[in-house]
Amino acid sequence: MTDFSLILANLFSRKLRAILMLVAIFFAFLIFGVLAGVQNGFNSIGGGAGENRLVTINKINFTQPLPVAYVERIRAVNGVARATYANWFGGYYQDGKNQVVTFAIDPEFYLDVFASEFTLTPEERAAFMADRTGLLVGRKTADQQGWKLGDRIPLSSNIYTNKNTGKQTWDFTIVGILEPAREDAGTNVTFFHHAYFNESVTFGQDTVGWIVIETADKAQNTAVSKAIDEMFANSPAETATDTEKAFNQAFVGQLGNITLIVTLVVGAAFITILMIVGNTMVMAVRERTKEIGVMKTLGFPSGRIFKMVLGESLMLSLLGGLPALGVAALLLHLMRKAVGFPGLALSSDFVAMGIAIMLALGLLTGIIPAWNALRLNIVTALGRQ
Amino acid sequence: MTALISIQGGAKRFVKGRETITIFDHLDMTIEAGDFIAIMGPSGSGKTTLLNLLGGIDRATAGSITFAGQRLDQMSEGQLSAWRAANVGFIFQFYNLMPALNAARNVELPLLLTSLGGGERKRRVETALQIVGLAERAKHFPREMSGGQQQRVAIARAIVADPKMLLCDEPTGDLDRKTADEILSMLQLLNKEMGKTIIMVTHDPEAARYANRVLHLDKGRFVEQVAA
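Residue numbers (the numbering used here), protein chains in the order written: chain V, 47 to 431; chain X, 1316 to 1543.
Just chain X, same shape as in the assembly (with noise of 0.2 Å):
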């Protein structure tokens, strides 16, 4: 395998006051393309704060991120704007779905940011949903889809445009076992079938076993790297 995105010396300070608050100093990883990563840590470990510097909506006070040759770091917002709607799915905790518009008009928002017409948009749609199992209910709003199925809209959203990457920031945190097992499947066979690298942030053990990786993070170091 050969690595997609990778990260050296990355360092992520803020000011805060005459304090200055370091979440991580030299930190090095590198992730191959199609590997699924769990990111496991204590609370304030800087987790989420790597996976925004990963997905480009953050930056790194120091060092240097890599994706696939391009340097992130280097980039201007607007060009990391059009990186992430051309090689990043995201996931969130809590789905983040627009309230306004049904499932399917969901799914199509990231396609708005490409050249696809409206006959293609709608296809690769409907496969989206078919993929997480919710074809049924592409008319239906998130207020009337359980927490499992707004989560399975915001998989489907995330790997619509055909995205190398997809970031999952606590995934099946705001689920029940049963259902974060199904979204965890899911992840995993996106991850084997269709060939996406996933990187997945977790306080879940039972998560991180779906995992191939699973790596630890405490007080902005990896103190250990666990086969999962």
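Chain V on its own, in the form it takes in the complex (with noise of 0.2 Å):
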């Protein structure tokens, strides 16, 4: 028997007191480790942007659109290497509910730009620029819906209509899969012809919905977006250009402030776990004075019986959290498989918070009983029944 030996069965002498306050500190540290993913993954939308990538949308907000003929305006501005551009589709296939991410994009220039996120074999980009209907396809897309290369496929919009057929469906057959061309590049998207939109819309032809810039060097990045901003300054579409990495944390701030609501979910679990375990803890103790008592009777010194209590109630705070980030880990690893969202991952800063926090609680929780165990009169504790 050792001293660890000896704070794990006082820790188990209730067996149902314990496990329903291990079960409160796993649920409390679930809830954080998955949250605290979430946000992790919300914090890295912006980690894969190119560091000499801008992006251009209309001042007022990105959903209104910009004149297609900025792009070329744009190109022409000194420290700019290339511009190409996008609009956002609102796909889904066959159910509105299943949403597909597609982009009508610049065929000619988009691939370049974005040519660290997705490799495409040169076949695959051939057929593409050969044909207006094509479609790209990321691999994570492909794999959820089951499309293959030569597939013809419909996907509608909800927002446009398709004015050949008056209905909000185009057909495209897929002619390219876009592979990631690094671990975390997201690849739940589809990709077709700018053109083959902009002819078919009923409404916003000659419009993109935002401009993607590439830099000759991310030295020239503040320059080139006050050149270009100050170019449409005053015009009917005025601009706001910043870093994509911006512009996607900008997006997902559209949610909500993600790290409020980790804190504030995370703070009030937090809180009441330290109630609920710290007066159990000292009722625990308390209930333990005769036994606390008897052992310092037999010679053990207060401090070892200071340490040993702290050390309970760490034992505590440590055997309900470290498996609940475990099983953190392993939920947000099975979210990021199902929905191709790479961020999704508990980072190596956020375990050692859950394990501060966790430290905390111990502490917090056992510094009380733990005092109240080492300032213990043996007379009075042994007179206690």
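Be a bit skeptical, because a hint or two may be false.
Said to hold, decoys possible - Partner residues aside, some chain V positions facing chain X, computed with beta carbon under 7 Å:
hint : residue
1    : 47
2    : 55
3    : 337
4    : 344
5    : 345
Unchecked claim - For lysine-lysine, the following DSS-like pairs were computed, each having C-alpha atoms within a straight-line distance of at most 25 Å:
hint : chain 1 : residue 1 : chain 2 : residue 2
6    : V       : 336       : X       : 1331
7    : X       : 1454      : V       : 61
8    : X       : 1437      : X       : 1479
Simulated from the structure, these hints should not be mistaken for laboratory data. Since we're looking at a predicted model, the values are computed, not measured. C-beta atoms are modelled at their ideal positions from N, C-alpha and C, and glycine is treated no differently.
Reconstruct the complex from the two isolated chains, following the hints.
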């Protein structure tokens, strides 16, 4: 027997109570782990952004279009290496709930600008360039939908109507599968020709949703942004240009302040658990007053008993919390595989934060009972029946 | 025989509100190594308080307590803890075993305060349980044992670290006559065969008969000494 096994024996001396406390702590840290992973995912959305990529949108907001003519004017700005554009299609397949992330793109430059994200065989690229109804499908989307090269796919839009058919559906042929160029590249996307889109929509012709600019050097980002926005100042469609990372994070920001949500939910859970576990620990140690008195009588120094009681609450916190982080990591892994959201993971920073919270929980809930045990008078303790 | 523990001019007073309650005053007592003393007396006579002072779990208001030449009254709390671990075995009326630990682990508890290795600790625990006749109950928890068996485990715990002195506070107070006699015989054996010095507080005259000497404490004074 060691002090460690003695701590464990005391901790589980009332099994049901110990298990209920462990379950409470487990779920608190499971919530923390999953929310931290989700936050990590949102934080990493801008992480894959090219350092020398800028995004220009309508100054009102990104749902307002820009004239396609802006693209050529931007290409002429000093410091701009390449510029391309895209439109949000609002796509779905067969069922409105089966959303497919679909962009109408400028085929000539878009794939070059995003070459760091996706790879495409030369044959597939050539096939895409040659076919206006060609569709490039990301690996994740292809796997999810069960699509393969050569499939004829009708994609519908929840925004636009096809003036050729009067329906909201466009027919495509899959001509290429976009493979991720790096591990965390998201491939739950589909691309088709902007020209095909532009010629068949009932409104919004000759406009684009946003323009992506590749600067010659990231050091020129600020100057290029300023030059573009100044160029279109006081025009009917003023622009706002920022880095791709800032654009992505602003887009996520539309969903709400994820960090605040995580902090509030975890904070509420943590304080609730703190009160429950703290109160239970105080009661548990108080019930063992006589046992602690006996240990002191046998010669256990007060400091050692203090450490053992504190160790008990730390053990409780770690036994409940560590498996929860493990399960959270597993859940995030499954979610990542299911939805193709590469940033969904428990980063080492959040694991460290989780362990720090566990230690804080253990110390906070254990310090009062440990202090009481430290100061316990043997005669008083033995006299308490 | 040589003196093992003595109290000279011992006093214990409590302050309660404006009142000072004196448990005993100017108490002198010497107990020799290898002796078996029974301390009797009515409730409130100071028996348990005296036992607490002799066991170093309470401090005298005045006077000195000397154990084998060491002044207990001059020791710090930490020193007293170490002294108790090395020299004193305690046996309580209600056994005071740890409910979460089985018999073997309860007996092993005092050995956690020594530098003995796991193997030696196990051997000592087995020996102590054999001495009290409970080797086969090593894995049983206190709730699975009778009162007499629990008290025997408590005795094994008291002797496992081989202390010089056993302090027993009403060790048979919660037991039937037959079981009480078994426990008292065991204490007598430990005194005679293993040379343990035993100081036992009891209300029970039958129990006191097992001691070599009986001290009667009344209103804080020894009123007579009776050879058992």
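Results for each hint:
For the restraint placing residue 47 of chain V at the interface with chain X, the shortest Cβ-Cβ distance is roughly 5 Å, inside the 7 Å limit, so the hint holds. Nearest Cβ of chain X to the Cβ of residue 55 of chain V: about 4 Å, under the 7 Å cut. The hint holds. At a threshold of 7 Å, the smallest CB-CB gap from residue 337 of chain V to chain X is about 6 Å, leaving the interface hint in force. Hint status for residue 344 of chain V: holds, given a least beta-carbon distance of 5 Å to chain X, under 7 Å.
Hint on residue 345 of chain V holds. Least Cβ distance to chain X is approximately 3 Å, under the 7 Å limit. For the given pair, residue 336 of chain V sits about 24 Å from residue 1331 of chain X by alpha-carbon distance, which is consistent with the 25 Å threshold. Pair hint residue 1454 of chain X plus residue 61 of chain V holds up; C-alpha atoms about 18 Å apart against a cutoff of 25 Å. Pair hint residue 1437 of chain X plus residue 1479 of chain X holds up; C-alpha atoms about 21 Å apart against a cutoff of 25 Å.
Of the numbered hints stated above, none is contradicted by the structure.
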